[in-house]
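Chain residues, written in single-letter form:
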Amino acid sequence: MYDAPKTAESTVSQNEIKFDCRDCQVWYGDTHAIKDVNIQIEDNTVTSFIGPSGCGKSTFLRCLNRMNDTIDVARVEGQFLLDGEDIYDRKVDPVQLRAKVGMVFQKPNPFPKSIYDNVAYGPKIHGMAKNKAELDEIVERALRRGAIWDEVKDRLDQPGTGLSGGQQQRLCIARAVATEPEVLLMDEPCSALDPIATALVEELIDELRTRYSVVIVTHSMQQAARVSQKTAFFHLGNLVEFGDTGEIFTNPNDPRTESYITGRIG
Amino acid sequence: MPLFWLILAVLGVALAGFILGRSRALGHAGGDSRGLHSLPNYYGWNVALKIMVPAFGLLVVWLLLQPLYITSQISEMIPEASVADGGSLGLVLAEVRRAAEGLDAAVASGAMTEEFARDVRADFADVTQRLKDAGQIVTGTITQPILNAAQSYRIMTATGNMAMSVAVLVLALAGLAWGLRQTGVSFRARNVVETSVRALLIAAASVAILTTVGIVLSLVFNTVEFFRLYPASEFFFGTNWAPSFSGRGGASDLGVIPLLWGTFYISIVALLVAVPIGLFAAIYLSEYASSRVRSIAKPAIEVLAGIPTIVYGLFALLTVGPLLMEVFGKEGLGWMQSGTSVMTAGLVMGIMLIPFVSSLSDDIINAVPQAMRDGSYGLGATQSETIRQVVLPAALPGIVGAILLAASRAIGETMIVVLGAGAAARLELNPFEAMTTVTAKIVSQLTGDADFASPEALVAFALGMTLFVLTLGLNVFALFIVRKYREQYE
Ligand SMILES: Nc1ncnc2c1ncn2[C@@H]1O[C@H](COP(=O)(O)OP(=O)(O)OP(=O)(O)O)[C@@H](O)[C@H]1O
Ligand SMILES: [Mg+2]
Chain X
1 MYDAPKTAES TVSQNEIKFD CRDCQVWYGD THAIKDVNIQ IEDNTVTSFI
51 GPSGCGKSTF LRCLNRMNDT IDVARVEGQF LLDGEDIYDR KVDPVQLRAK
101 VGMVFQKPNP FPKSIYDNVA YGPKIHGMAK NKAELDEIVE RALRRGAIWD
151 EVKDRLDQPG TGLSGGQQQR LCIARAVATE PEVLLMDEPC SALDPIATAL
201 VEELIDELRT RYSVVIVTHS MQQAARVSQK TAFFHLGNLV EFGDTGEIFT
251 NPNDPRTESY ITGRIG
Chain G
1 MPLFWLILAV LGVALAGFIL GRSRALGHAG GDSRGLHSLP NYYGWNVALK
51 IMVPAFGLLV VWLLLQPLYI TSQISEMIPE ASVADGGSLG LVLAEVRRAA
101 EGLDAAVASG AMTEEFARDV RADFADVTQR LKDAGQIVTG TITQPILNAA
151 QSYRIMTATG NMAMSVAVLV LALAGLAWGL RQTGVSFRAR NVVETSVRAL
201 LIAAASVAIL TTVGIVLSLV FNTVEFFRLY PASEFFFGTN WAPSFSGRGG
251 ASDLGVIPLL WGTFYISIVA LLVAVPIGLF AAIYLSEYAS SRVRSIAKPA
301 IEVLAGIPTI VYGLFALLTV GPLLMEVFGK EGLGWMQSGT SVMTAGLVMG
351 IMLIPFVSSL SDDIINAVPQ AMRDGSYGLG ATQSETIRQV VLPAALPGIV
401 GAILLAASRA IGETMIVVLG AGAAARLELN PFEAMTTVTA KIVSQLTGDA
451 DFASPEALVA FALGMTLFVL TLGLNVFALF IVRKYREQYE
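Chains as they are written, first to last, in my numbering: chain X, 1 to 266; chain G, 1 to 490.
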């Protein structure tokens, strides 16, 4: 079992609730992928989702910014309250929601555009820059936060698709933070990164926490323990256990959680 | 033995060979196919191939060579005088062949005995009469040399066919023996079959390529022939198209520029219609339409592609032309003299090209990975922003390729032009004037009664060559662009 960092324990439980999800269900056609999930995601907190492959982590994450809308067969039920407002309400515009709740996808998906345009895409759409100089600044800051600036600063006009897998992953992180979302959903953002880049991305996540809420899916227990204050363990579409990261890793309630984090199932 | 039976016989031997080879292989392995190098069927196929390939190969070669040989033998027998009477050697030989067929049919129907048909001293008048009585078509009377030639033609053909049947069957049986001898536990039948499959595929590809080469060569030779009769510079740079109708040389102006201009102008109008409509339809179908709408609308658009172009031509002539006349003709704006014009043909051709552009673009847009769109939506982009800024740029090279392919179809289109654009070769800017294209002129140059050796007819090949080079260039360019696009998001 892992020791959770001390800092993580001390800062929990006094934050406002950002996402309040109740009785959430997701079906893909006849497959029941998410079953009765209830979870509260706090502001200024890093929440990690862990669980065996195929248990529904990505599916649940995608519910939080309505990305499942783009899948024809997917059906979502339940209440997803963001700051007290149901995001699946008719009045809510998914486009605005997604500007507020950003996402880094499990598979890196840079646009077939230049590195610069990849990052500038969101800020341009949302009119965040008044002029070219401001846009340059936004792009540079985002790339620095994504820990990729040094590698690409001389080749900003080259296609983002020409980068290595790990570089693409960081480019996508930079692209997502460039729009300054309130909530950032990260689906295995470090899966292709070396330890140094991983450490830099974790630094970024910690920094983001001061202003936003971050949800991260990860297969690395160490990472979950290092960066998150809250951890949710999913298994076969159920949310088995949710609580303070330190608690989950040192003293899990459910035997399934214990076997997963000690490596017996999954 | 008739050809059909011969082929059946070889196939029969092959079938037997397949069964024998299979069971022989199994026998060698003691009934357990795991002991064999290859699966039992491969041994069967090996034997069958050893039978069919050489036997059919010989058959084909024989069928090609025998007539050549016999013809050369026969032409030696025909005296100079009858060649002069008959017009040319080719015509006389045709006469010989017809007479021989007549004799064959007469013998078959019992009007003549075999001996009589072969009788060298037979009286040709009597033979002619008998052939006529038997209902055979005989042009005039058969002369003595022709009758004799026909008789030896018959005999040589019969002997040749006999020899061929025997040779082919012997070869098939030899193949059977060879294949069976090879069959053994460690013989690599699977590899042999693999090689033959490859050979078959290569053969199919070569046929396609060789035909293309043949067509191109015939175009080239005739074009060269044309340029010997007519100066190339006047063809390529002449601005006047006025072939003389006498057909025999004379003062023809055969400048290609007015025709190229017409082709170009009509194609541009067609593309201006087809590209926006086709592209927007494709975007709607692939990005916005629900799967139910899509399942109805996509086939409905593609029905357009199944309409024969002559029907489009009728539509141009009978519907679009008169409609345009009402608006732009004498009663309306007065720009248009008659219903046939660049506009008429261009509009209709544009309609014809819509499904072409839309279904190709639809495929290309669908090939853009969903992850691209997700990435854009995830940043808070709307659907139309996503399409404009992510999907279309990613698909653009492919779409350009589709448009270029559509353009090469437009350039090659004939029927709509013949019916919709008129026949006057003009160099003008007014799209409501009648003009004509390269393709339409090829048709009119060859359907007249001009001598095929005159420049007025041969120009068709030069036109065809020009067209071929143009569309080839466009296609190569399109393929180049499409290929480049494939490398984009991988
Ligand atoms: N587009 C889809 N269509 C149908 N079924 C899907 C789709 N996406 C996911 N599923 C199913 O939903 C279940 C949960 O998938 P999900 O992607 O959420 O797993 P995950 O926990 O993210 O796994 P991993 O750790 O491997 O990424 C799986 O059984 C999967 O087969
Ligand atoms: Mg996942």
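It is possible that part of the hints are untrue.
DSSO-like, lysine-lysine: derived pairs with alpha carbons at most 27 Å apart [to be verified]:
1) X/100 - X/132
2) X/130 - X/153
3) X/132 - X/113
4) X/107 - G/298
5) X/100 - X/35
6) X/113 - G/484
Note that these hints are calculated values from the structure, not bench results.
Would you check the hint for residue 107 of chain X and residue 298 of chain G, treating anything up to 27 Å between C-alpha atoms as holding?
Outside the cut-off at roughly 31 Å; violated.
Holds or violated: residue 132 of chain X with residue 113 of chain X, Cα cutoff 27 Å?
Satisfied, since the Cα-Cα distance of roughly 18 Å is no more than 27 Å.
Has the given pair, residue 130 of chain X with residue 153 of chain X, been kept, meaning a C-alpha gap of at most 27 Å?
Satisfied, since the Cα-Cα distance of roughly 22 Å is no more than 27 Å.
Are the Cα positions of residue 100 of chain X and residue 132 of chain X separated by 27 Å at most?
With a Cα-Cα distance of about 23 Å, the restraint between residue 100 of chain X and residue 132 of chain X holds, given a limit of 27 Å.
Agreement of residue 113 of chain X and residue 484 of chain G with the hint, judged by alpha carbon distance not exceeding 27 Å
Given pair residue 113 of chain X, residue 484 of chain G holds - Cα atoms ~15 Å apart, limit 27 Å.
With the threshold set at 27 Å, check whether the alpha-carbon distance from residue 100 of chain X to residue 35 of chain X stays at or below it.
holds (26 Å)
Violation of the numbered hints given earlier is confined to hint 4; every other hint is satisfied by the structure.
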